[in-house]
Amino acid sequence: MMVFEKISELKRRDENVLVSFIVAGDPDKDRTIEYLHALDESSDIIELGIPFSDPVADGKTIQEGYVRALKNGFKVSDIFDIVRKFRERSDTPIVLMTYYNLVYVRGLERFLKEAKFAGADGLIVVDLPVEEGEEYIRYCKNFGLDTIFLIAPNTSRDRIVNIDNATTGFIYLISLYGTTGAKKTVSDEAFELLKKTKSICKNPLLVGFGISNQEQVASLIKAGADGVIVGSAFVDIIGRCKDDKDVVSGLKKKAKELKDALYP
Amino acid sequence: MIDMRKFGDFGGIYVPETLMEPLIELEKFYSEIKDDEVFNKELEYYYRYFAGRPTPLYLAKNLTEKIGGAKIYLKREDLVHGGAHKLNNTIAQALLAKKMGKRRIIAETGAGQHGTATAMAGSLFKLKTEIYMGEEDIQRQKMNVFRMELMGAEVHSVGSGSKTLKDAVNEALRDWAANVIDTHYLIGSVIGPHPYPTMVRDFQSIIGRETREAIIKEEGCLPDKIVACVGGGSNAIGMFHPFLNDKVGLIGVEAGGKGLSTGKHSASLCNGKKGVLHGALTYLLQDDDGQINQTSSIAAGLDYPGVGPEHSFLKDTGRVKYTTIDDKKALEAFLILSKEEGIIPALESAHAVAYAIELAKDMAKDDNIVVCLSGRGDKDVEIVKDSIDRGVIKI
Ligand SMILES: Cc1ncc(COP(=O)(O)O)c(C=O)c1O
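So the sequences go chain by chain: A and B.
Residue 214 is where the first sequence starts when you use our numbering, and the numbers rise one by one after that.
Residue 376 is where the second sequence starts when you use our numbering, and the numbers rise one by one after that.
Note that these hints are calculated values from the structure, not bench results.
Hints should not be assumed to be uniformly reliable.
What the hints assert, rightly or not - Some chain A residues well away from chain B (every beta-carbon gap over 12 Å; in silico):
hint, residue
1, M215
2, R300
3, D304
4, R351
5, F362
6, I364
7, R372
8, D456
Said to hold, decoys possible - Beta-carbon label-pair distances, calculated as ranges:
hint, chain 1, residue 1, chain 2, residue 2, range
9, B, D662, A, S462, 33 to 43 Å
10, A, D456, B, V756, 47 to 57 Å
11, B, D557, A, S462, 24 to 34 Å
12, A, K354, B, D663, 45 to 55 Å
13, B, E407, A, G320, 56 to 66 Å
14, B, M379, A, R351, 53 to 63 Å
15, A, R351, B, G766, 27 to 37 Å
In this text, all values refer to a predicted model and were calculated from it rather than measured experimentally.
Heads up, the beta-carbon is just placed ideally off N, CA and C, and yes, glycines get one too.
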């Protein structure tokens, strides 16, 4: 199912969207697939991060997830295996989150083709702004992959319009100045950004960076967000729990808790 | 249409969204101020009275005689305040940051030379200064850490990744994203997203402009060859740029480390593949997947897996020739220059000296070579002593 279809369907039922992020290959391929299914019980969209050696947009928690995966021998080709295996048992939309070098080195066309064939539905390339994304957008359109772009608290009005035009699926609103990493509260910037983008964008608006609890989710939905993206809170569970069973139950519990807060 | 952000395919702005607006703001501000008379007057003042410019172009007579080939001139950037060319860039960017209304500057540093030069400029212009430095480099360069602290800068230890320069850049970029409103990221080389490669090159081009004037005065003609070491590539591009349209052979020397075949080197241009790191498309040392490799060089300032995008472009067009010098040859050149000329070069600069020595042998006596002596070697004496003690080289 396409990302946009999924979001429209939820919206018709007056529901809001939970996008759950974990790192591919953290700590290995098989367990990633197991964890994805655990998250799938309460998540609407899965976001899978591809480990990169130099993740400048990420805070400590997700960096450490990347390090665990790379230490255990993660290869970019593994991402396609993981998506394929997950697809055998679920039709939940999957979005791949990556840094541009991994796409560039594999070859834009080849990477996107492999992603599509494996069963991915869209991409977030965190360090590829629309200004550099012309060719990428064209290929994604050809292959039927959603191009999800980010908007930051300081993005200008003109660029918000351009980004919205280049986006399909949903807009990823960055809730704060800084990197990913769980926070306890929502910053004022997030509310201001929601207000500003709401009047400009035609795409659904999902808020990410720092979201980890029910209070944050509820306040963002009240302020008009269409959903939230949660990453570090899940990756933290994977990094912290020694026992596999605890990870699985921890992920299920956290995802359900967040999804519960998304009902109006 | 010419894309001002790029050098051919290289360069560009590959950064997280939060950094887009500050980069656009910086580009706009820089393009307005770069030809501004007041700004340039001020800059000239600080270059002269704070940095000690112009630096001499010195004919290394003893070395020339010993080699018995072309005349070897040294552009004495080692005499710039702080001991390296780095200050040319930091004074200019700090002044720019001040005029942009920023209160705080941050920088990455490897050997600590750029960190030191940033601390100097921060103190000069009363900007709060914070430096990111890899845990490993802090261990290797304790003296420079203390120098920075003496001048009022705060040094943050970076424990992620390889704990060296590349990771210090990552951490500085993260800091910048969190503090874009009041902070300027003072990048130390011609790397990073547009407009940095262009802006830092412009600020370092004073090296080439002075060299041009001095050699014409001295020799009545342009040099036959110019040699400079390439880490990120700022001293090299600053030296080369004013000569790009002339009939002058330009050679950039990368760190060959323990030898290209060992994989333990920092030769991004000679041995890398195209990719995107720290905001720019350029040649990188990386694996088949695009994960960035660990690098190695005896010179901490060359120990970086990427290179300025303009160098990638100049390599592909063939205008500049790039080559490598390994750790051992750099150490030997370090000893030779110290002994023959009474000038202790930075290990980075010793790479350029080593190549110039090879080059001079096969050239005529009335040819001339200019070497960019990018820095002085006080910071490196312990490393060199250790190499002698371990029997790697003989004094
Ligand atoms: C003396 C000296 N030369 C050269 C370099 C390399 O930098 P770049 O290639 O940008 O000139 C450094 C970097 O720290 C340095 O300290």
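Please list, smallest to largest, the hint numbers that this structure does not respect.
Numbers 5, 6, 7, 11, 12, 13, 14, 15, in rising order.
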